[in-house]
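Position 173 (the sequence shown) corresponds to 204 in the working numbering; numbering is contiguous.
There may be inaccurate statements among the hints.
[Unchecked claim] Straight line, CA to CA, 27 angstroms or less: simulated DSSO-like cross-link-like pairs of lysine-lysine:
| no. | residue 1 | residue 2 |
| --- | --- | --- |
| 1 | Lys288 | Lys190 |
| 2 | Lys312 | Lys288 |
| 3 | Lys237 | Lys129 |
| 4 | Lys385 | Lys292 |
| 5 | Lys292 | Lys312 |
| 6 | Lys190 | Lys232 |
| 7 | Lys129 | Lys111 |
[Stated by the list, open to error] Listed next, with one range per pair, are the computed distances between beta-carbon atoms:
| no. | residue 1 | residue 2 | range |
| --- | --- | --- | --- |
| 8 | Lys385 | Gly180 | 17 to 23 angstroms |
| 9 | Asp386 | Tyr113 | 23 to 29 angstroms |
| 10 | Gly364 | Phe130 | 34 to 40 angstroms |
Hints in this document: simulated from the structure, not taken from any laboratory.
Computed from a predicted structure; not experimentally measured.
Don't be surprised by glycine CBs; every beta carbon is placed ideally from N, CA and C.
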Amino acid sequence: MGEAMAEDKRKSKDLQLSAANVGDEKSRITMPKHVDIQFMDDADSELTQPMEGYNPRYKNIVDYIIGVTHEIWEEHGIGKLYDYYANTIRMHTASGLKFGREAVIEATIESQAAFPDRRLFGEEVIWTGNNVDGFYTSHRLRHEGTNRGWTAYGPPTGKRVSYRAIADCVCVQNMMVEEWISRDELTLIMQMGLDPLQTAKEMAAKEKDSDLQLRIAGDIDHRIGQLPPEPWPESQSERFDPEDFVMRMMHEIWNWKLLNKAREYYHENFVFDGPSGRAFKGIGDFQTYVLSLLSPFPDLSHHVDHVCHVGNESAGYRVATRWSMRGTHTGYGIYGEPTGNPMRLMGFSHHVIKDGLIASESTVFDEFVLLKQVVA
Numbered sequence: 032m033g034e035a036m037a038e039d040k041r042k043s044k045d046l047q048l049s050a051a052n053v054g055d056e057k058s059r060i061t062m063p064k065h066v067d068i069q070f071m072d073d074a075d076s077e078l079t080q081p082m083e084g085y086n087p088r089y090k091n092i093v094d095y096i097i098g099v100t101h102e103i104w105e106e107h108g109i110g111k112l113y114d115y116y117a118n119t120i121r122m123h124t125a126s127g128l129k130f131g132r133e134a135v136i137e138a139t140i141e142s143q144a145a146f147p148d149r150r151l152f153g154e155e156v157i158w159t160g161n162n163v164d165g166f167y168t169s170h171r172l173r174h175e176g177t178n179r180g181w182t183a184y185g186p187p188t189g190k191r192v193s194y195r196a197i198a199d200c201v202c203v204q205n206m207m208v209e210e211w212i213s214r215d216e217l218t219l220i221m222q223m224g225l226d227p228l229q230t231a232k233e234m235a236a237k238e239k240d241s242d243l244q245l246r247i248a249g250d251i252d253h254r255i256g257q258l259p260p261e262p263w264p265e266s267q268s269e270r271f272d273p274e275d276f277v278m279r280m281m282h283e284i285w286n287w288k289l290l291n292k293a294r295e296y297y298h299e300n301f302v303f304d305g306p307s308g309r310a311f312k313g314i315g316d317f318q319t320y321v322l323s324l325l326s327p328f329p330d331l332s333h334h335v336d337h338v339c340h341v342g343n344e345s346a347g348y349r350v351a352t353r354w355s356m357r358g359t360h361t362g363y364g365i366y367g368e369p370t371g372n373p374m375r376l377m378g379f380s381h382h383v384i385k386d387g388l389i390a391s392e393s394t395v396f397d398e399f400v401l402l403k404q405v406v407a
């Protein structure tokens, strides 16, 4: 039955906040991609779900996440971070943990100075929870702007950039108390006209004493010793469970390397968009994409850290998954000659499921952080 894998599944489910008192709202309050902010609900409109304890201008959690993002990062209301971010917030980035609201303020000032005309276009907010216990949200958005100020990579380039990011947040009583965020940094670097490999080497040298470099690499944990990965436990429900469906798919394809099972999970002509310009249609290209990451890291291990969804069977499901990967650069592939370095990667995937199969996938991970680990 795979008791260890079942326990992992239970732990991942336990990470979700209670959805009590939400009723049918969880199925219908979401934001399909490309909704213009000017069509979001007016500040004086009626609530569409309980939001006591939150800024009254927002009528539901999707409106709240999109609106707060706009207030802080597009209206340049940096001081609003004192209203919306807890002093003890834990910010998990691809490069490591940042602690405290002042670290968020510092990073916000830096990014707004570097890209003063930056726009954040919301594409999707997938969520669970309620206003009493707290909300967990997964916000996919596109950043666009012009590099007119200094960044960690050097002086302004004047280049226009456009890239995706996903931010998962735990929000309790109008305050963000924990956040996980990753952006398509490699695309940003290439659009700024920088050489990715040379920049990765330079940054890795600067960060050689950072937390990222000091992590101890133990055994890869998707299997024990000479044993194969454990099978995913059978579902205990006769109803379609979109979260179990996505977790099973990730385990069988990434841990078991059963690429032939892709047709059991994806529509034949499904649409994929991912980091570093990856965009394709169909299962054949998807298998090639998976192989491009397995080849440099043959021992790659995949683990789901959190999953939640909105929707229903008739309208389709939208599933947000936060995951982590580990592996050792012992194979040839897109990252060049093997260095033997370990890598650890945090990523996010949004899936749209229709008629029991995945119709589209949007995945974000910081490939520049991966590259720095490979060349370090």
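Here's how the hints hold up against the structure:
Between Lys288 and Lys190, the direct Cα distance comes to roughly 40 angstroms. Violation of the 27 angstroms bound is thereby established for this hinted pair. Of the pairs offered as hints, the one joining Lys312 and Lys288 holds, with about 20 angstroms between alpha carbons and a cut-off of 27 angstroms not exceeded. For the given pair, Lys237 sits about 18 angstroms from Lys129 by alpha-carbon distance, which is consistent with the 27 angstroms threshold. In summary, the hint linking Lys385 to Lys292 is supported, as the alpha carbons are separated by about 18 angstroms, within the 27 angstroms threshold.
Taken as a hint, the Lys292 and Lys312 pair is honoured in the structure, with Cα atoms around 17 angstroms apart against an allowance of 27 angstroms. Taking the CA atoms of Lys190 and Lys232, the gap is about 22 angstroms. The hint holds against a cut of 27 angstroms. At roughly 19 angstroms between alpha-carbon atoms, Lys129 and Lys111 fall within 27 angstroms of each other, so this suggested pair holds. Taking 17 to 23 angstroms as the suggested C-beta distance range, the pair Lys385 and Gly180 does not conform, at roughly 43 angstroms.
Roughly 46 angstroms separates the CB atoms of Asp386 and Tyr113, a value that falls outside the hinted 23 to 29 angstroms. One distance hint, 34 to 40 angstroms for the beta-carbon pair Gly364 and Phe130, holds here, with the actual separation near 35 angstroms.
Taken one by one, the earlier hints fail for this structure at numbers 1, 8 and 9, listed in ascending order.
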